[in-house]
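Participant: Sequence:
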Amino acid sequence: MVTFNAYGIMPPVFTPLNDDLTVNYTAIPPYAKFLADSGIKSVLVGGTTGEHMTLTVCDRKKVIDAWVAVSKTTGLHIMVQVGGAPLADVVELARYCQQVGVHSLLCLPELYFKPSTVEELVFNIAQVAKAAPKLPVLYYHIPSMSKVEINMPAFVAAATASIPNFRGLKFTSNDLSEGAQVLRSLKDGQEMFVGADTLLAPAALLGIRSSIGTTYNMFPKLAQEILDAVQNNDVQKARSLQQKLSLAVEAHTCEGPWVPIMKAGMEIVTGIKVGPPSLPERPISAEAKQRIQTKLRALGLAK
95 MVTFNAYGIM PPVFTPLNDD LTVNYTAIPP YAKFLADSGI KSVLVGGTTG EHMTLTVCDR
155 KKVIDAWVAV SKTTGLHIMV QVGGAPLADV VELARYCQQV GVHSLLCLPE LYFKPSTVEE
215 LVFNIAQVAK AAPKLPVLYY HIPSMSKVEI NMPAFVAAAT ASIPNFRGLK FTSNDLSEGA
275 QVLRSLKDGQ EMFVGADTLL APAALLGIRS SIGTTYNMFP KLAQEILDAV QNNDVQKARS
335 LQQKLSLAVE AHTCEGPWVP IMKAGMEIVT GIKVGPPSLP ERPISAEAKQ RIQTKLRALG
395 LAK
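Throughout the sequence shown, residue numbering follows my numbering, covering 95 to 397 in sequence.
Be aware that one or more of the hints could be misleading.
To be verified - Subject to a maximum C-alpha distance of 16 Å in a straight line, what follows is the list of computed EDC-like cross-link-like pairs (lysine to aspartate or glutamate): (1) 208 - 243; (2) 383 - 361; (3) 156 - 183; (4) 331 - 344; (5) 383 - 319; (6) 156 - 131; (7) 155 - 183; (8) 155 - 186.
What the hints assert, rightly or not - Have a look at the derived ranges for each label pair, beta carbon to beta carbon: (9) 377 - 282: 39 to 47 Å; (10) 116 - 380: 19 to 27 Å; (11) 366 - 268: 40 to 48 Å; (12) 194 - 127: 30 to 38 Å; (13) 112 - 393: 27 to 35 Å; (14) 193 - 384: 40 to 48 Å; (15) 333 - 183: 37 to 45 Å; (16) 322 - 124: 24 to 32 Å; (17) 189 - 365: 18 to 26 Å; (18) 301 - 116: 41 to 49 Å.
Since the hints were derived computationally from the structure, they do not count as laboratory data. These figures come from a predicted structure and were not determined experimentally. Backbone N, C-alpha and C fix where the C-beta goes; we use that ideal spot for every residue, glycine too.
Generate the whole structure from the sequences, applying the supplied hints.
Facilitator: In structure tokens, the structure reads:
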């Protein structure tokens with residue numbers, strides 16, 4: 095029986111880059127320590143925030159190795175997103191993750207020959223799951239980016255029935271009505287992570303207790319306070335804290351694409367240098383970065 099024991103707040107970690115766009119591996123240990131010291135128990139490596147879709151398989155493996163190494167000293171659960179590449183490479187990465195001691199896998203759908211039915215999506219994820227049969231495998235549902243728009247409750251039921259190590263999904267959609275249906279479809283030992291930072295409190299009120307969101311790198315304690323407020327039935331506090339987090343997100347989103355703005359925000363808030371975004375994306379301007387900092391200061395979230 096493959097067990098999965100990660101839940102709660104999970105930051106999708108950035109891949110630190112040098113100015114020449116090579117991976118800055120030396121930044122990973124202090125970054126991991128910062129998250130662990132902030133109360134974080136698990137991280138997602140290689141998600142949208144981690145930009146692994148832009149990296150070679152060789153570099154992805156090296157980044158995975160670095161995070162597995164720091165898990166030995168921090169106790170962090172390491173989930174790795176292996177999709178966003180040709181299926182042969184995805185399968186190789188899944189197999190590699192099992193070999194080197196990753197704790198769980200997340201996987202995007204095929205992004206070119208896109209699955210259009212539940213059956214096709216289950217077949218796609220099953221190929222990855224078979225390559226790492228000892229690891230929990232979760233599906234990464236992000237239709238705004240993948241353009242794979244398949245009914246998730248139906249997929250979850252079918253995947254559960256036919257993939258022995260299927261353990262849930264990251265649900266990056268604003269459709270919380272469908273999200274609630276997914277939650278009811280899950281079995282014991284499965285988990286659903288909402289993927290929208292701005293929906294952390296509403297999702298928690300529906301019973302979705304776990305979330306993967308970029309801003310949890312910067313504001314891990316604020317995110318946990320939101321979940322705690324919901325758990326304590328303090329709706330007014332949850333609403334107030336959620337508004338603060340949502341305004342922090344909005345301070346960024348008017349300045350450019352998601353990863354470049356969030357990499358800038360990470361340095362503003364924490365001082366941890368995660369570098370520029372990977373090509374083809376480009377860094378935001380110094381003026382845009384200053385505007386973000388000014389708004390975050392007004393919210394009491396930056397110095």
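Participant: Compare the structure with each hint and give your call.
Facilitator: A quick look at each hint next to the structure:
1. 208 - 243: Holds, because 10 Å separates the two Cα atoms, which is no more than 16 Å.
2. 383 - 361: Given pair residue 383, residue 361 holds - Cα atoms ~10 Å apart, limit 16 Å.
3. 156 - 183: Given that 16 Å is the threshold and the Cα spacing comes to 15 Å, the pair holds.
4. 331 - 344: Between residue 331 and residue 344 the Cα gap is close to 20 Å, so the pair fails against 16 Å, i.e. violated.
5. 383 - 319: 27 Å, violated
6. 156 - 131: 24 Å, violated
7. 155 - 183: 11 Å, holds
8. 155 - 186: 10 Å, holds
9. 377 - 282: 39 to 47 Å: Given range 39 to 47 Å: holds, Cβ gap about 45 Å.
10. 116 - 380: 19 to 27 Å: 23 Å Cβ-Cβ, so the 19 to 27 Å window holds.
11. 366 - 268: 40 to 48 Å: Violated, at about 29 Å.
12. 194 - 127: 30 to 38 Å: 21 Å, violated
13. 112 - 393: 27 to 35 Å: 31 Å, holds
14. 193 - 384: 40 to 48 Å: 45 Å, holds
15. 333 - 183: 37 to 45 Å: 44 Å, holds
16. 322 - 124: 24 to 32 Å: 27 Å, holds
17. 189 - 365: 18 to 26 Å: Violated, since residue 189 and residue 365 (Cβ atoms, about 37 Å apart) do not stay within the stated range.
18. 301 - 116: 41 to 49 Å: 43 Å, holds
When the structure is compared with the earlier hints, violations turn up for hints 4, 5, 6, 11, 12, 17 and for no others.
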